[in-house]
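The listed protein sequences derive, respectively, from chains E and G. To get the working numbering, take the position in the first sequence, counting from 1, and add 20. To get the working numbering, take the position in the second sequence, counting from 1, and add 39.
Hints were generated in silico from the structure; no laboratory data involved. Computed from a predicted structure; not experimentally measured. We put the beta carbon where it would ideally sit given N, CA and C, even for glycine. Hints are not guaranteed to be accurate.
Restricting the straight-line Cα-Cα distance to at most 35 Å, the calculated cross-link-like pairs of lysine-lysine (DSBU-like) are [what the hints assert, rightly or not]:
1. G:K251 with G:K402
2. G:K251 with G:K404
3. E:K103 with G:K251
4. G:K105 with E:K95
5. G:K74 with G:K252
6. E:K94 with G:K118
7. G:K44 with E:K94
The following label-pair restraints were derived from C-beta to C-beta distances [what the hints assert, rightly or not]:
8. E:V88 with G:I369: 54 to 62 Å
9. E:F54 with G:I119: 29 to 37 Å
10. E:F54 with G:I369: 19 to 27 Å
11. E:D99 with G:N153: 48 to 56 Å
12. E:S52 with G:P187: 50 to 58 Å
13. E:V84 with G:N340: 51 to 59 Å
14. G:A366 with E:A66: 38 to 46 Å
15. G:N46 with E:V84: 31 to 39 Å
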Amino acid sequence: MGFYMVTLAFFLLITLLTILIALFDMSLFEFSFFEAMINILFSEIAIGRYIALFGAALGLISSVMIDVRIHRTKKDSNDNERKKE
Amino acid sequence: MKMEKENISLSQLLTLLINFLLGSAIVVGVGGSAKNDAWLAILLGGLIGIVIITLNHFFILRFPDKNMFQVFEFCIGRKITIVFTFMYIVYFLYISCRVIRDFGELMATAILPNTPIEMMSLTFCLLMGYIMYLGIEVLARTSEIFTPYLFGFLLLLAIFLFASGSVEFEQVQPILGEGIMPVIKTAFTELVFFPFGEIIAFSVVYTSLTNKKYSLRVSILGVGLATFLLCGSSLLMIVSLGVDSVSRSNFPLLSTARVVSIGNFIERIDAFVVFIIMLGVFIKGSMFFYAGLKGLEYIFNLPYRYFAFPVSMIISLFSILVSVDFADHIQEGIKLVPYYLHFPFQVVFPFILFLLVMWKQWKGKSKGEEHGSKKTNSQIIKETNKT
């Protein structure tokens, strides 16, 4: 597996869950896909919006940090193996 | 990357099952369509639940060291399994989001009306992320430690309700007033998916079980006890509030607790109910979260702990975005989720997997016969587990 897998998983899950929720909104409210996406993006208002975005940002930052740490650990273990050889 | 082997005991499995099944079912109440006979529908649903867990053991006994995703891989190869796994991950995380939303709505409307629901969801998910980072063992221990309190609080609630004189057994009558059909319909169209069908999330847990010999018995006991508790709470709600109030209330168990008043002194015992609901929601949300994480572990070949925190934040975000308000949330839960999510993921895909496993075993058997060696079923299963 390549690098930045955790971040990739983070974005993939956000995309897939957004699509699922949009599909449900389309079915329930008879929205078009575009309307459903707008409904998801702008349904949150005021302080709630910032708290939700803060959580998402926290998740994104942590996933990037985890990826960087995995990358470094792999790099260090590869360097050590090369030194042994 | 090396995956860590985790161990959970039978008693931990038992408590996890009980809390999982109570989970959000006790928050919103189940079997309401059967009205007075909701408790009968729950009993019938419990029997279906026992059948479901027994069917799940078809895979667990044949592949004791493989979770559902690995069994899929064994049958149809890794590439197609990755697609299936992604679908299951989205399903598990979506349900986890819904469970957290249930709890958030309860807290925001009944307990902490001035606190934003986003804040409660965020803090709850931070805790879930931390526990999952520590592993399923920690979640199982948490469940094991707190479950006796759950039993105690439910018992206290029942005693207080009886002591305050709020219980009228006439409210449960007429029993089967509209015949047996509403009970059967509720059990087979609602309870079979929610909460009993959701046991599918446990298909990733059994690989961590230390003693698999008694797993079926313990699982049946767990489903039985959860059914008993759900049935008891349903009866309590009906005999204290009456069917009409139960159907109108968003959180009937909480409304039931608010009825308690003994000598104008022991009142507002909401805290007991909130504790029961919080524990159930926490375990259920975390179990779905864990099932999703195991899927990610399978796809990316990285220990699931790496994904714990970022995915917990996704759950926090989508527990808010999943629906505009509580009415929308309930509508989605009744009209869409059972048909578009529960049915395919709890019935169709496991059935396909069952057929694939049978086909694989039959193929292995006929191959053995071609080579002149007659293999027994147990030998085929052993070889299957080696691959």
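Status of the hints after comparison with the structure:
no.	hint	verdict
1	G:K251 with G:K402	holds (27 Å)
2	G:K251 with G:K404	holds (25 Å)
3	E:K103 with G:K251	violated (45 Å)
4	G:K105 with E:K95	holds (31 Å)
5	G:K74 with G:K252	violated (40 Å)
6	E:K94 with G:K118	holds (25 Å)
7	G:K44 with E:K94	holds (21 Å)
8	E:V88 with G:I369: 54 to 62 Å	violated (42 Å)
9	E:F54 with G:I119: 29 to 37 Å	holds (32 Å)
10	E:F54 with G:I369: 19 to 27 Å	holds (26 Å)
11	E:D99 with G:N153: 48 to 56 Å	holds (55 Å)
12	E:S52 with G:P187: 50 to 58 Å	holds (52 Å)
13	E:V84 with G:N340: 51 to 59 Å	violated (19 Å)
14	G:A366 with E:A66: 38 to 46 Å	violated (20 Å)
15	G:N46 with E:V84: 31 to 39 Å	holds (32 Å)
Violation of the numbered hints given earlier is confined to hints 3, 5, 8, 13 and 14; the remaining hints are satisfied by the structure.
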